[in-house]
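If you want the building blocks of each chain, they are given just below.
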Amino acid sequence: MILYDYVLSASCYKVRLMAALLGVRLDHVAVDFHPGREHRGLAFRALNPAGTIPVLVDGDLVLTESTAMLVYLAHGTAWMGGDTAVAQAQVQGWLAFAARLGASLGMARLHDMLLYAADIAAVRRDGVACLRQMEAHLVERRFAGAIWLVGDGPSIADIACFPSVMLAPDGGVSLDDYPSVRLWTRAVRSLAGFIEMPGIHRLHELKPAPEAV
Amino acid sequence: MISQAVLGEWYPVAMAALVDAAGRRTLLLGQEIRVFRDAGRIRVTADAGDLAVTERFGHVWACPGTPARALFTIPEADHPGRRLVDCGVVRVKCSPLRAVENFLDIAHFPFVHTDILGAEPHTEVNRYDVKIREEVDEVWATKVHFYQPQAAKSAEGGIVTEYMYRVPAPTASVLYKTCPAMPGEWDVIAIFVQPLTEELCDVWPWMALYDDVTPQAELIAFQQMIFLQDRSILENQIPRLLPLDPGMESPTQADLTSVAYRRWLKRRGLTYGAQMVAA
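So the sequences go chain by chain: A and B.
Mapping the first sequence onto numbering that gives the first Met the number 0, position 205 (from 1) lands on 204, and the numbers just tick up by one.
Mapping the second sequence onto numbering that gives the first Met the number 0, position 277 (from 1) lands on 276, and the numbers just tick up by one.
It is worth saying that the hints were derived from the structure and are not from the lab.
Ideal placement from N, C-alpha and C gives every residue a C-beta, glycine not left out.
A few of these clues could be false.
Stated by the list, open to error - In silico DMTMM-like cross-links for lysine to aspartate or glutamate, where the CA-CA straight-line distance does not exceed 20 Å:
# : chain 1 : residue 1 : chain 2 : residue 2
1 : B       : K152      : A       : E195
2 : B       : K152      : A       : D26
3 : B       : K176      : B       : D211
4 : B       : K152      : A       : D31
5 : B       : K92       : A       : D175
Said to hold, decoys possible - Computed list of chain B residues with no C-beta within reach of chain A, every gap over 10 Å:
#  : residue
6  : I1
7  : G22
8  : L70
9  : D77
10 : D85
11 : G87
12 : D128
13 : I131
14 : E137
15 : T141
16 : Y146
17 : K176
18 : F226
19 : P238
20 : G246
21 : T270
Turn these sequences into a full structure, and let the hints steer you where they fit.
Shown next as structure tokens:
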């Protein structure tokens with residue numbers, strides 16, 4: 000499987016992280032997203048007409064949405080979040096929620112870091128609304144004795160939402176006000192096989208060095 | 000009031016290849032400027048008129064006052080066989096001087112660039128040489144040795160890397176490090192820092208490497224990965240401005256380059272982004 004990848008992309012990291020947690024090996028092709036804007040060029044659009052990254056290629060299959068890649072990688076495992084109607088519907092809800100995180104916290108990060116044009120006050124405000132919603136949900140989950148977004152174990156719902164949340168400070172949005180969200184990010188970072196990206200550090204004090212992927 | 004010493008320096012304001020007629024509106028020392036291409040020539044303008052401009056190392060450099068001297072040189076930029084890599088811009092909410100100081104620091108490698116530029120338990124920074132080379136008025140650190148798990152994109156496995164560091168301008172630094180692909184030569188990596196304000200900067204990493212193999216996108220990704228690991232650290236440093244006078248801080252042997260850099264800034268009056276009250 001080949002992942003067309005960019006090291007600073009939260010969406011690409013989502014797929015790298017899922018693969019690492021599952022022990023699936025990916026071959027990487029680096030895309031010059033910044034400053035080269037290679038993803039907007041004709042050659043890349045022949046692969047993905049939307050001109051977005053990541054792209055996952057497995058034989059004849061070409062996937063261009065990161066959440067679809069999570070489903071493809073995790074199919075048939077406990078990472079799908081359970082097979083009841085409720086659980087599957089809830090997972091789908093969080094996969095869609097991850098897109099909201101990307102459009103708000105993710106865009107704030109691109110604005111602050113790589114100088115993308117954005118209404119920074121508006122995207123930060125939307126990001127805070129998302130974080131408040133997550134905090135409320137995770138508080139309820141903790142009262143019920145759970146830590147993950149859906150069900151009893153980590154799922155693609157957690158992996159889909161984790162990168163944009165963890166990188167929120169890169170876009171000038173602090174996580175200080177969301178203790179349950181922060182506890183949840185610790186839970187994700189303590190998973191066996193967890194890998195880092197710039198801006199997302201491992202739990203140095205808890206974990207031995209992860210295997211290089 | 001910004002001092003003549005600060006105004007007389009050269010600062011990077013754009014990646015030359017990306018400057019078009021529409022141009023880039025940005026800040027330099029808190030003042031609005033525009034960088035644009037006019038009949039093939041790159042111009043940098045402010046309210047008061049055109050700034051002195053020079054194009055070098057893939058970037059556009061501007062001087063907001065009267066240039067005190069010519070832009071520094073990097074002779075390796077002209078070596079045949081080297082690949083020159085423009086890495087784009089990254090904005091960081093920190094003092095431009097702190098961005099440079101962080102670039103000069105080795106001791107953080109195992110903790111911030113874990114398993115790449117350093118790894119526990121190999122955390123010791125051995126003694127190295129630092130001096131201000133009066134004849135060129137630059138800060139130099141030499142004979143810096145450090146164990147690195149993956150020193151460069153072209154490195155296979157851990158090696159002891161030798162470094163030299165150089166500060167030729169207040170907001171630019173150049174490092175020379177062991178070249179895994181060509182023993183006896185140095186890879187050259189620089190950061191050019193544009194001071195937007197005293198607490199905000201645009202950082203333009205640039206490289207001149209011997210590496211005919213690695214795709215351009217991977218070279219850029221490697222450098223961006225390293226620099227972005229630093230970004231969250233830089234944005235959380237306190238005080239925001241770089242203190243030039245010793246106070247509560249206790250520098251160790253590993254901080255000699257930083258000490259020399261701060262002393263050099265103070266001596267030359269390059270205090271934009273610095274705090275003069277002891278911290």
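For each hint, the structure was consulted:
1. K152(B) with E195(A): 17 Å, holds
2. K152(B) with D26(A): This hinted pair holds, its Cα atoms lying about 16 Å apart.
3. K176(B) with D211(B): 17 Å, holds
4. K152(B) with D31(A): At roughly 15 Å apart (the allowed maximum being 20 Å), D31(A) and K152(B) satisfy the hint.
5. K92(B) with D175(A): Since the Cα atoms of K92(B) and D175(A) sit roughly 18 Å apart, the hinted pair holds (cutoff 20 Å).
6. I1: 24 Å, holds
7. G22: At about 14 Å from chain A, G22(B) clears the 10 Å cut-off, so the statement holds.
8. L70: Check passes; 22 Å lies beyond 10 Å.
9. D77: 23 Å, holds
10. D85: 7 Å, violated
11. G87: Label violated. Min Cβ-Cβ 3 Å, cutoff 10 Å.
12. D128: 31 Å, holds
13. I131: 33 Å, holds
14. E137: 28 Å, holds
15. T141: Label holds. Min Cβ-Cβ 29 Å, cutoff 10 Å.
16. Y146: 14 Å, holds
17. K176: Holds, since 20 Å exceeds 10 Å.
18. F226: The claim breaks: F226(B) does not keep its Cβ more than 10 Å from every Cβ of chain A (closest is about 8 Å).
19. P238: For P238(B), whose nearest Cβ neighbour in chain A is about 19 Å away, the distance exceeds 10 Å, so it holds.
20. G246: 28 Å, holds
21. T270: 26 Å, holds
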